[in-house]
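Next come the chains, spelled out residue by residue.
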Amino acid sequence: MAVITYWGKLADVTGRASETYALPEQVKDTSALRAWIDTKTGGDGVFLAPENRIAINDEIVTEPRAVTDGDDIAFLPPVGGG
Amino acid sequence: MAVITYWGKLADVTGRASETYALPEQVKDTSALRAWIDTKTGGDGVFLAPENRIAINDEIVTEPRAVTDGDDIAFLPPVGGG
Amino acid sequence: MPISTLTDAPISASDLLTGFQEGLQHSGGIVSFSGVVRGKNAEGERVTSLFLQDHPTLTERGIKAAIGEAKARWPLEDCLVRHRVGSIAPGETIVFVATASAHRRAAFEAADFLMDYLKTKAVFWKKEVTEAGAAWIEPRAADHHDFGRWQEAEGTLHARH
Amino acid sequence: MPISTLTDAPISASDLLTGFQEGLQHSGGIVSFSGVVRGKNAEGERVTSLFLQDHPTLTERGIKAAIGEAKARWPLEDCLVRHRVGSIAPGETIVFVATASAHRRAAFEAADFLMDYLKTKAVFWKKEVTEAGAAWIEPRAADHHDFGRWQEAEGTLHARH
Numbered sequence: 018m019a020v021i022t023y024w025g026k027l028a029d030v031t032g033r034a035s036e037t038y039a040l041p042e043q044v045k046d047t048s049a050l051r052a053w054i055d056t057k058t059g060g061d062g063v064f065l066a067p068e069n070r071i072a073i074n075d076e077i078v079t080e081p082r083a084v085t086d087g088d089d090i091a092f093l094p095p096v097g098g099g
Numbered sequence: 018m019a020v021i022t023y024w025g026k027l028a029d030v031t032g033r034a035s036e037t038y039a040l041p042e043q044v045k046d047t048s049a050l051r052a053w054i055d056t057k058t059g060g061d062g063v064f065l066a067p068e069n070r071i072a073i074n075d076e077i078v079t080e081p082r083a084v085t086d087g088d089d090i091a092f093l094p095p096v097g098g099g
Numbered sequence: 006m007p008i009s010t011l012t013d014a015p016i017s018a019s020d021l022l023t024g025f026q027e028g029l030q031h032s033g034g035i036v037s038f039s040g041v042v043r044g045k046n047a048e049g050e051r052v053t054s055l056f057l058q059d060h061p062t063l064t065e066r067g068i069k070a071a072i073g074e075a076k077a078r079w080p081l082e083d084c085l086v087r088h089r090v091g092s093i094a095p096g097e098t099i100v101f102v103a104t105a106s107a108h109r110r111a112a113f114e115a116a117d118f119l120m121d122y123l124k125t126k127a128v129f130w131k132k133e134v135t136e137a138g139a140a141w142i143e144p145r146a147a148d149h150h151d152f153g154r155w156q157e158a159e160g161t162l163h164a165r166h
Numbered sequence: 006m007p008i009s010t011l012t013d014a015p016i017s018a019s020d021l022l023t024g025f026q027e028g029l030q031h032s033g034g035i036v037s038f039s040g041v042v043r044g045k046n047a048e049g050e051r052v053t054s055l056f057l058q059d060h061p062t063l064t065e066r067g068i069k070a071a072i073g074e075a076k077a078r079w080p081l082e083d084c085l086v087r088h089r090v091g092s093i094a095p096g097e098t099i100v101f102v103a104t105a106s107a108h109r110r111a112a113f114e115a116a117d118f119l120m121d122y123l124k125t126k127a128v129f130w131k132k133e134v135t136e137a138g139a140a141w142i143e144p145r146a147a148d149h150h151d152f153g154r155w156q157e158a159e160g161t162l163h164a165r166h
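Protein chains in written order, with the working numbering: chain A, 18 to 99; chain B, 18 to 99; chain C, 6 to 166; chain D, 6 to 166.
FYI, nobody ran anything at the bench for these hints, they're computed from the structure. Note that CB positions come from ideal geometry on N, CA and C, so glycine has one too. Honestly, I wouldn't trust all of these hints.
To be verified - With a straight-line Cα cutoff of 27 Å, these simulated BS3-like cross-link-like pairs (lysine-lysine) come out:
no., chain 1, residue 1, chain 2, residue 2
1, C, K132, C, K69
2, D, K126, D, K76
3, D, K76, B, K57
4, D, K76, C, K45
5, C, K76, C, K126
6, C, K45, C, K132
7, A, K26, C, K131
8, B, K26, D, K132
9, A, K57, C, K45
10, C, K132, A, K57
11, A, K57, A, K26
12, D, K45, D, K132
13, D, K45, C, K76
14, B, K57, D, K132
15, D, K126, D, K45
16, D, K69, D, K132
17, C, K131, C, K69
18, C, K132, A, K26
19, B, K26, D, K45
20, C, K45, C, K131
21, B, K26, D, K69
22, D, K126, B, K26
23, A, K26, C, K45
24, A, K45, A, K26
25, B, K45, B, K26
26, B, K26, D, K131
27, B, K26, B, K57
28, D, K45, D, K131
29, A, K57, A, K45
30, A, K26, C, K76
31, A, K26, C, K126
32, C, K76, C, K132
To be verified - Anything over 10 Å on all C-beta distances counts as not near chain D; from chain C, calculated:
no., residue
33, F56
34, P61
35, R66
36, V90
37, T135
38, A137
39, A140
Let the sequences and hints guide you as you build the complete structure.
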């Protein structure tokens, strides 16, 4: 099972901050992951936008990157504090 | 009478912070003033150096500038705080 | 710093400055920056609060890496970052940065760098609540430009403008 | 400011920062600079004290003009300068500057400008007392270079490096 978390405005898109899924066999990398999550959540393309980055197991990744069931996957919209 | 004040390291040169003089008739501008004071105080050229500026009646002046007996004249070495 | 950079309690800039200065041994220049939540947003609407969301690992790790980069780039005796998370009212301090060095230029530039990092790279998501509703807000183009000064300045410690 | 910029009593940077911040209505960024007398000079000699001589009219008038120039060049809500005169011990604060603006860049640049002014243009004479004796000291070349950034930057509000 993979835990998928949505941060900032992306939790407003999905209506939840976290979901747990068994990743389908065809979802082997971040590219397939983005397409699959976008369809599943009705993201209307938001999960395909590269400005929304992906962290896997608490590391922001350079894409494309392999994903496996069991990963902790986070979708991170643009950041900024202060 | 003109009051002449020496600031910072210039008071160490003259041995005093302030003097009152009747300006000689030939001391009509800052150039003559510098030469006269340098000789009088044994300044060894220090009062001729442009880095040591002159204020007349509490205004730092652009030289050459007329001076008259009755002026309040200050010799200001290079400044800096902080 | 042994103290966490993140807090959900009010920040007192002057208390932090006092503590920071007391810990210094030989710095000649100390720069501080306090960021305060403003009562109106860019559209002139009255702001009720800001909400700052952080990530449980990425946020603090990133700030600590930025502090490490500042210490590598400038000869700092010390530097301090404190950032609010959660709900923050107008007039409250959202971020405090302090830097100390032998000479003032290093202290100024390191504080400026850390603030540019915090504005554009630190892992926070910011929601502004106004009378008109709530909206997630992102860094301004000017903030990205400001951070770019440090990235493009390779080989020099000075900011480009 | 109704308060004099000069004082012969100890300066508390955090007290001044508290008072400064309390007077602000709408600034989003507050920058402070504290200059502290260091215990060793450039030659590594132990400093016993600094003595700062001011002029009874030129010093304060010049600082007020620099504050006026800062307010003309940057959109500041307020700024504050406090400078010690007389004898000052190592570890004591010799100068404190604070600036406040809607956005941080103006606050950073105005504080930087005011410090460059104070270091090279403000009418003070500074005597350093060490175990080896007393010597009048003048601004470093780096200080003059720093002030030059603002003079040559006509037509822009940004510092050149």
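Evaluated hints:
In summary, the hint linking C:K132 to C:K69 is supported, as the alpha carbons are separated by about 24 Å, within the 27 Å threshold. A C-alpha spacing of about 17 Å is found between D:K126 and D:K76, which places the hinted pair at or below 27 Å, so the restraint holds. Between D:K76 and B:K57 the CA atoms are separated by roughly 45 Å; this puts the pair beyond 27 Å, and the hint is violated. For the proposed pair D:K76 and C:K45, the alpha carbon gap of about 22 Å is at most 27 Å, so the pair holds.
Our distance criterion of 27 Å between C-alpha atoms is met by C:K76 and C:K126, whose separation comes to about 18 Å. Distance restraint check for C:K45 and C:K132: the Cα-Cα separation of roughly 14 Å lies within the 27 Å cut-off, and the hinted pair is therefore satisfied. Pair hint A:K26 plus C:K131 holds up; C-alpha atoms about 9 Å apart against a cutoff of 27 Å. With a CA separation close to 8 Å, the supplied pair B:K26 and D:K132 stays within the 27 Å bound.
Distance check on the hinted pair: A:K57 and C:K45 sit about 38 Å apart at the alpha-carbon level, beyond 27 Å; violated. For the suggested pair C:K132 and A:K57, the alpha carbons sit about 25 Å apart, so the restraint of at most 27 Å is met. With a CA separation close to 17 Å, the supplied pair A:K57 and A:K26 stays within the 27 Å bound. Between the alpha carbons of D:K45 and D:K132 the distance comes to roughly 14 Å, so the proposed pair stays at or under 27 Å and holds.
Distance check on the hinted pair: D:K45 and C:K76 sit about 22 Å apart at the alpha-carbon level, within 27 Å; holds. The suggested pairing of B:K57 with D:K132 holds, with an alpha-carbon distance near 25 Å, which does not exceed 27 Å. Restraint check for D:K126 and D:K45: the C-alpha separation of about 24 Å stays at or below 27 Å, so the hint holds. Of the pairs offered as hints, the one joining D:K69 and D:K132 holds, with about 24 Å between alpha carbons and a cut-off of 27 Å not exceeded.
Distance restraint check for C:K131 and C:K69: the Cα-Cα separation of roughly 20 Å lies within the 27 Å cut-off, and the hinted pair is therefore satisfied. In summary, the hint linking C:K132 to A:K26 is supported, as the alpha carbons are separated by about 9 Å, within the 27 Å threshold. Among the hinted pairs, B:K26 with D:K45 is consistent with the structure: their alpha-carbon atoms are about 21 Å apart, no more than 27 Å. Taken as a hint, the C:K45 and C:K131 pair is honoured in the structure, with Cα atoms around 15 Å apart against an allowance of 27 Å.
Proposed proximity of B:K26 and D:K69 is supported: the alpha carbons are some 25 Å apart, at most 27 Å. Restraint check for D:K126 and B:K26: the C-alpha separation of about 17 Å stays at or below 27 Å, so the hint holds. Pair hint A:K26 plus C:K45 holds up; C-alpha atoms about 21 Å apart against a cutoff of 27 Å. Simply put, A:K45 and A:K26 have alpha-carbon atoms about 26 Å apart, close enough for the 27 Å limit, and the pair holds.
At roughly 26 Å between alpha-carbon atoms, B:K45 and B:K26 fall within 27 Å of each other, so this suggested pair holds. A threshold of 27 Å between alpha carbons decides the hint, and for B:K26 with D:K131 the separation of about 9 Å falls inside it, so the pair holds. This hinted pair checks out: B:K26 and B:K57 have alpha carbons roughly 17 Å apart, not beyond 27 Å. A distance of roughly 15 Å separates the Cα atoms of D:K45 and D:K131; the hinted pair therefore holds under the 27 Å criterion.
A distance of roughly 16 Å separates the Cα atoms of A:K57 and A:K45; the hinted pair therefore holds under the 27 Å criterion. Only pairs whose Cα atoms come within 27 Å are accepted, and A:K26 paired with C:K76 is rejected, the gap being roughly 33 Å. Simply put, A:K26 and C:K126 have alpha-carbon atoms about 17 Å apart, close enough for the 27 Å limit, and the pair holds. A C-alpha spacing of about 31 Å is found between C:K76 and C:K132, which places the hinted pair above 27 Å, so the restraint is violated.
Its beta-carbon lying about 17 Å from the closest one in chain D, C:F56 satisfies the requirement of being farther than 10 Å from that chain. With a cut of 10 Å on Cβ distances, C:P61 stays outside the contact zone with chain D, its closest approach being about 27 Å. Distance check on C:R66: its Cβ is at least 24 Å (rounded) from any Cβ of chain D, clearing the 10 Å threshold; non-interface status holds. Every CB of chain D is more than 10 Å from the CB of C:V90 (nearest about 18 Å), matching its label as outside the interface.
Every Cβ of chain D is farther than 10 Å from the Cβ of C:T135; the closest lies at roughly 16 Å, confirming the non-interface assignment. At roughly 19 Å, the least C-beta separation between C:A137 and chain D is larger than 10 Å, which holds for a residue marked as non-interface. Separation of C:A140 from chain D is adequate, the least Cβ-Cβ distance of about 18 Å exceeding the 10 Å criterion.
Hint check: violations occur at hints 3, 9, 30 and 32; the rest are consistent with the structure.
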